[in-house]
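The listed protein sequences derive, respectively, from chains A and B. Counting the first sequence from 1 gives a position; our numbering is that position plus 39. Counting the second sequence from 1 gives a position; our numbering is that position plus 261.
Keep in mind the hints are simulated off the structure, nothing from the lab. Do not rely on the hints blindly, as some may be mistaken.
As the list claims (entries may be wrong) - Simulated crosslink set (DMTMM-like; lysine to aspartate or glutamate; CA at most 25 Å straight-line):
| no. | chain 1 | residue 1 | chain 2 | residue 2 |
| --- | --- | --- | --- | --- |
| 1 | A | 748 | B | 356 |
| 2 | B | 393 | A | 678 |
| 3 | A | 781 | B | 291 |
Said to hold, decoys possible - Restraint ranges, calculated between C-beta atoms of paired labels, are given here:
| no. | chain 1 | residue 1 | chain 2 | residue 2 | range |
| --- | --- | --- | --- | --- | --- |
| 4 | B | 524 | A | 373 | 51 to 57 Å |
| 5 | B | 480 | A | 69 | 53 to 59 Å |
| 6 | A | 638 | B | 526 | 57 to 63 Å |
A quick note: this is a predicted structure, and the numbers were derived from the prediction, not measured. Every residue, glycine too, gets a C-beta built ideally from N, C-alpha and C.
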Amino acid sequence: MNIAVKQNPLVIEGSGLDNELLLKSIDNTVLDGSLDSWKKVQVDDTPVIRTERAVLAAESWKASRGEDIQIRRARLLANILENLTPQIQPWQLLAGSESQDIFGVHPDVDLCTTITTDAMTSEFLPIGSPEVAGIISEEERQILLQCVEVFRGDSVFEHVESAWLATFGTNPMNWVSTLHYMGKPGPYVRGPIQFEKIIKQGLRALIDEASAKIEEFKASSEADIDKLYFWESVIIVNEALITYAHRHADHAEALALTCDDEQRREDLLAMAEVCRHVPEHPARSMQEGMQTAMFMLLAVKLETPHLPGDSGRMDQYLWDLYKADINEGRLDQQRAVNLFDSYLAFRGGVTSLNDPNFIDMQQTVTQLNLITLGGVDRSGNGADNALTYLFLHAAGLLALPEPHLTLRWHRQTPRNIMRKGHETSVLVGGNPQFVNDEPVLEYWAARGVPQENINDQSGIGCLPPLASNVGYIQLGVVSQAKNLELILHNGHDQLFDAPIGLQTGDPREFETFEQLLEAHKKQHEFWIARLTRMHRISYSIENKFVRTPFFSSVHEDCMELGRDLAFRDLPHFYHFMNDRGCIDAADSLIAIKRLVFEQKLLTMDELITALDSDFEGKRGEEIRQLCLAQDKYGNDIDEVDTLAGALGAFGGAAIRSHCMPDGKPIETDRPGVSWHYFGGAVTAALPNGRKAREPLNDATLSPMRGQDKDGPTTVFRSAIKAGFRESLYNVLNQRISPSAVKSAETMDKLVGLTQAYMENGGMHVQYNIVDTATMRKAQEVPEENKDLVVRIGGFSAYFVQLTREMQDDVIMRNEQDV
Amino acid sequence: MGLPESLLATDQTEAHTARVSNVQFYNVHDGPGIRTVVFLKGCPLTCKWCSNPETISTQQELGLNRSLCTGCGACLDACPQKAISLIKKPCGRREASVDRGLCTDCGDCVASCIPKALTMYGDPMSVEQVFKEFQKDKMFFGPEGGATFSGGEALLHPDFVAEVFALCKADGIHTCLETTGSVSRRALEKVLPVTDLFLFDLKHMDSEIHRLWTGAPNTLIHDNARWLASQGVQILFRVPLIPGFNDCPDNVQAMAAFVGGLDSENIDGIELLPYHAMGTGKYQSLDQDYLLCDLKVPEEALVEALRKEISALGVPCSISR
Numbered sequence: 040m041n042i043a044v045k046q047n048p049l050v051i052e053g054s055g056l057d058n059e060l061l062l063k064s065i066d067n068t069v070l071d072g073s074l075d076s077w078k079k080v081q082v083d084d085t086p087v088i089r090t091e092r093a094v095l096a097a098e099s100w101k102a103s104r105g106e107d108i109q110i111r112r113a114r115l116l117a118n119i120l121e122n123l124t125p126q127i128q129p130w131q132l133l134a135g136s137e138s139q140d141i142f143g144v145h146p147d148v149d150l151c152t153t154i155t156t157d158a159m160t161s162e163f164l165p166i167g168s169p170e171v172a173g174i175i176s177e178e179e180r181q182i183l184l185q186c187v188e189v190f191r192g193d194s195v196f197e198h199v200e201s202a203w204l205a206t207f208g209t210n211p212m213n214w215v216s217t218l219h220y221m222g223k224p225g226p227y228v229r230g231p232i233q234f235e236k237i238i239k240q241g242l243r244a245l246i247d248e249a250s251a252k253i254e255e256f257k258a259s260s261e262a263d264i265d266k267l268y269f270w271e272s273v274i275i276v277n278e279a280l281i282t283y284a285h286r287h288a289d290h291a292e293a294l295a296l297t298c299d300d301e302q303r304r305e306d307l308l309a310m311a312e313v314c315r316h317v318p319e320h321p322a323r324s325m326q327e328g329m330q331t332a333m334f335m336l337l338a339v340k341l342e343t344p345h346l347p348g349d350s351g352r353m354d355q356y357l358w359d360l361y362k363a364d365i366n367e368g369r370l371d372q373q374r375a376v377n378l379f380d381s382y383l384a385f386r387g388g389v390t391s392l393n394d395p396n397f398i399d400m401q402q403t404v405t406q407l408n409l410i411t412l413g414g415v416d417r418s419g420n421g422a423d424n425a426l427t428y429l430f431l432h433a434a435g436l437l438a439l440p441e442p443h444l445t446l447r448w449h450r451q452t453p454r455n456i457m458r459k460g461h462e463t464s465v466l467v468g469g470n471p472q473f474v475n476d477e478p479v480l481e482y483w484a485a486r487g488v489p490q491e492n493i494n495d496q497s498g499i500g501c502l503p504p505l506a507s508n509v510g511y512i513q514l515g516v517v518s519q520a521k522n523l524e525l526i527l528h529n530g531h532d533q534l535f536d537a538p539i540g541l542q543t544g545d546p547r548e549f550e551t552f553e554q555l556l557e558a559h560k561k562q563h564e565f566w567i568a569r570l571t572r573m574h575r576i577s578y579s580i581e582n583k584f585v586r587t588p589f590f591s592s593v594h595e596d597c598m599e600l601g602r603d604l605a606f607r608d609l610p611h612f613y614h615f616m617n618d619r620g621c622i623d624a625a626d627s628l629i630a631i632k633r634l635v636f637e638q639k640l641l642t643m644d645e646l647i648t649a650l651d652s653d654f655e656g657k658r659g660e661e662i663r664q665l666c667l668a669q670d671k672y673g674n675d676i677d678e679v680d681t682l683a684g685a686l687g688a689f690g691g692a693a694i695r696s697h698c699m700p701d702g703k704p705i706e707t708d709r710p711g712v713s714w715h716y717f718g719g720a721v722t723a724a725l726p727n728g729r730k731a732r733e734p735l736n737d738a739t740l741s742p743m744r745g746q747d748k749d750g751p752t753t754v755f756r757s758a759i760k761a762g763f764r765e766s767l768y769n770v771l772n773q774r775i776s777p778s779a780v781k782s783a784e785t786m787d788k789l790v791g792l793t794q795a796y797m798e799n800g801g802m803h804v805q806y807n808i809v810d811t812a813t814m815r816k817a818q819e820v821p822e823e824n825k826d827l828v829v830r831i832g833g834f835s836a837y838f839v840q841l842t843r844e845m846q847d848d849v850i851m852r853n854e855q856d857v
Numbered sequence: 262m263g264l265p266e267s268l269l270a271t272d273q274t275e276a277h278t279a280r281v282s283n284v285q286f287y288n289v290h291d292g293p294g295i296r297t298v299v300f301l302k303g304c305p306l307t308c309k310w311c312s313n314p315e316t317i318s319t320q321q322e323l324g325l326n327r328s329l330c331t332g333c334g335a336c337l338d339a340c341p342q343k344a345i346s347l348i349k350k351p352c353g354r355r356e357a358s359v360d361r362g363l364c365t366d367c368g369d370c371v372a373s374c375i376p377k378a379l380t381m382y383g384d385p386m387s388v389e390q391v392f393k394e395f396q397k398d399k400m401f402f403g404p405e406g407g408a409t410f411s412g413g414e415a416l417l418h419p420d421f422v423a424e425v426f427a428l429c430k431a432d433g434i435h436t437c438l439e440t441t442g443s444v445s446r447r448a449l450e451k452v453l454p455v456t457d458l459f460l461f462d463l464k465h466m467d468s469e470i471h472r473l474w475t476g477a478p479n480t481l482i483h484d485n486a487r488w489l490a491s492q493g494v495q496i497l498f499r500v501p502l503i504p505g506f507n508d509c510p511d512n513v514q515a516m517a518a519f520v521g522g523l524d525s526e527n528i529d530g531i532e533l534l535p536y537h538a539m540g541t542g543k544y545q546s547l548d549q550d551y552l553l554c555d556l557k558v559p560e561e562a563l564v565e566a567l568r569k570e571i572s573a574l575g576v577p578c579s580i581s582r
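Bound conformation, chain A alone:
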């Protein structure tokens, strides 16, 4: 792919500041005092579960009975936006918060009735890891349970589960060790949000667009009534969002009346003026642009509380407004930093209620909201700007584990942006992650997505970068690691003692390595087919029970076509399967190949016996050492690296051989999350030397923990060789010793390393630059190390909030010292 991009200098035309002066003026900004105090308070804060949204949702649901689902869902959101108490927290420069709390949680009673019931009836109220539970009063608990009853029978989750039960005769939850469908089926549809359009045009223009569409529909011979309902729903939710903003204006004015602090009073009055104007009208300043984005994200979160709210490319959307503000003297760099930190702090506070059965999965209280920075503009010209730099700086000042930041890398990314990105990464535990534009570009171009949409791509939570017009859903995870356990036991699950898999034969009778590999492939195909079937069933059910009118109204294509995203059949809608455990599988297969088939140091029976005893017993440890000593991915050893690549390619092809009812093939991606921890918890001992229930290899291209012996360049060589280009997204975590970035010179070398990795085809890298001693100390004295942020896999988290096992996992990943 030929990418002709022009370098975009970081100057603000007309400001009279040269590059150096400009960056210096940004570097000199500091963390705002009230945000600093907020930051210290929030690390100690306990999530509070709130009932206000649930009550408003239930009230609307009862009143709208009998109407079309599209309209019912719109009225539900409208009722919330028109009545939810407006919130402006004392540290905020931008108005709006889901609740009065730092971590306020709105359970999605309307979408996931069973999860809410499970959560409300369990002792432990799961928000993130078991280390972080929510609190709720007994009275409110009862209120929530009553609200759930209003939606009983109408929630998508229940219907999908019964359909699966009817089809398979068993609850697929029983297969959860091999498949993992993220805990809750339901509206998991994701896609970039059209912030830029709304910031520039305002919601009034969007409403007018919908009205025009309705008139057009009425005048035509069109009979698809869903379209009419869709545009009507757009008007309902967006009028309500304008009202919501105006209610915040009233609230800000009321607060100003009783405010003694003169500066704060001014801020509140300014906020009121902003909320009267946006998001209804085009934004006139950077603050108004950010406020528009905040209201849009609030609407997304109040519509579907369990979904993250991603901010797209804020440095692009706000660039013209920022430039005008600076040039006209309305804004200085410190104020700009304060505004952005206020925005980050708002995003950092949002969280949701988890399935109590899946607490181990997420390991974080936050929601994996993402902001994408840098990259190229729609025409392909380098678009990194001073705001990219400023946002990185502001994120470094606040140093929150969330929101997550992606810095897009392209051939013309300015060195000072990369440098700033790496400096921020040290301060904010692996934030930003670096994502290469080129593989993303190639991937979407091969699927016929228009170039300008690809150039305008942004990341979605911990998930892959999506072209701006793409709709996305992830079916769930298939585990090549669990497959190994199954084929070594003829389809029998060792941890759950159940015959859940395909019977691929007694491995003791395999005469060649090829037979073993064949069994692995068959087992993998079996699970891919099963997950596909589950997804096709839920696909046929979900749009009957759920719609997302607001989210759809700000997603490209939906407005034009009059189609809610929940139908999942827009021209650029894609279904993805997360194909995981390839590295564990490759290392395990190589170990069997060497020990059993080539060197014949063990018989298959001896190996399986050792695995079944979890490497205990007479020869257990000896055999585990033998397993560990075999070649491992991540050391630039051709055979194992290419086998990992081949397993990846096989997984990708097997997934792509399945289609959705509209004929579109299912696609492969490999985002990180902390799935390796969850996937490991349900997988028995493996021939790579990993014991039962221990985490699998983290991310998707990281080596087995502690097994990469030759430093980051060697890991990168292995990763490039493995390729994984069949997958839209692959994640590589790399721990680097702080001593390797102690000076300006060595920091520059790390920048050079990332740069070289990307230039040679690396797709993604994120660094954990924390030494072992610091993490051990945090384990010993957690109360003094509450703000230590580390990278997990596609997201960062406060170290002390992780489970002990997860903490040890991060520590055991090799620290690449120099």
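For this one, chain A is given, so just place chain B on it according to the hints.
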């Protein structure tokens, strides 16, 4: 000259192989940019603070990394000298122990050790093998990085170094040589045409103190420094800053005067390498005593003061971090 004849001779191994103790990728401290450093065995000096004790002897040596040992005992039978036994640690764990009086460093035990606790420092590698190691990270070197030979004293193998560097130059890889300077003129002449940058160690300006701490006087080193400077090649002088040995103002000033007085435009100045105790584990793996175990790492403020002092004398000075 003060050095035994044997060390001033040419290669101890055949020209086409050398004993390599370690290949280090993504080295960011020994030369500009991202580098691959190959450590060759054998050193004419015996500096008390040495952080690479496994590189001092020219012969291969057995290392035992105790933290990896599982106490399985497989090495006991593999040793023809019966030099290995299992000892019981106070915690109850069993661990291999090597009787260095009996051990001949033959390496027969290494293959028997599955967790790779037993390793052999100094496997012979050919010119082609080492060149291939250097090539591996070519994609990461960028315009600045490249290949570095270190040791020990890599110039105990001048023909080998020259051959590898010639291949590197032909392949467009930047070459850098770290040397004690305590080597024959012939060795320097040999590598001069294929070396882009010399990292030249200076330890002390007083020859007697130098001898007490390193086992050799400094006269040859200083002669070589002057000669190398006169050849116009790029040189960065590096000073391992050892508290109580060479960190006094008199010595530091004398070093600055020496470097400042060299007649060359291609002197990059002085880089200070503050003492660290990272090599302690390697002494344990070789069952050797570390003589400086009480030595403290110099304080950053002190190092910075010395840097300023050298800079004030007109010699560019940086600190390796």
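Here is how each hint holds up against the structure:
1. In summary, the hint linking residue 748 of chain A to residue 356 of chain B is supported, as the alpha carbons are separated by about 23 Å, within the 25 Å threshold.
2. A threshold of 25 Å between alpha carbons decides the hint, and for residue 393 of chain B with residue 678 of chain A the separation of about 18 Å falls inside it, so the pair holds.
3. Proposed proximity of residue 781 of chain A and residue 291 of chain B is supported: the alpha carbons are some 15 Å apart, at most 25 Å.
4. For residue 524 of chain B and residue 373 of chain A, the hinted distance range of 51 to 57 Å is satisfied, since their beta carbons lie about 52 Å from each other.
5. Checking the proposed 53 to 59 Å range against residue 480 of chain B and residue 69 of chain A shows it holds: the Cβ atoms sit about 56 Å from each other.
6. Take residue 638 of chain A and residue 526 of chain B: their Cβ atoms lie about 59 Å apart, and the range 57 to 63 Å holds.
Every hint, counting from the list given before, is met by this structure.
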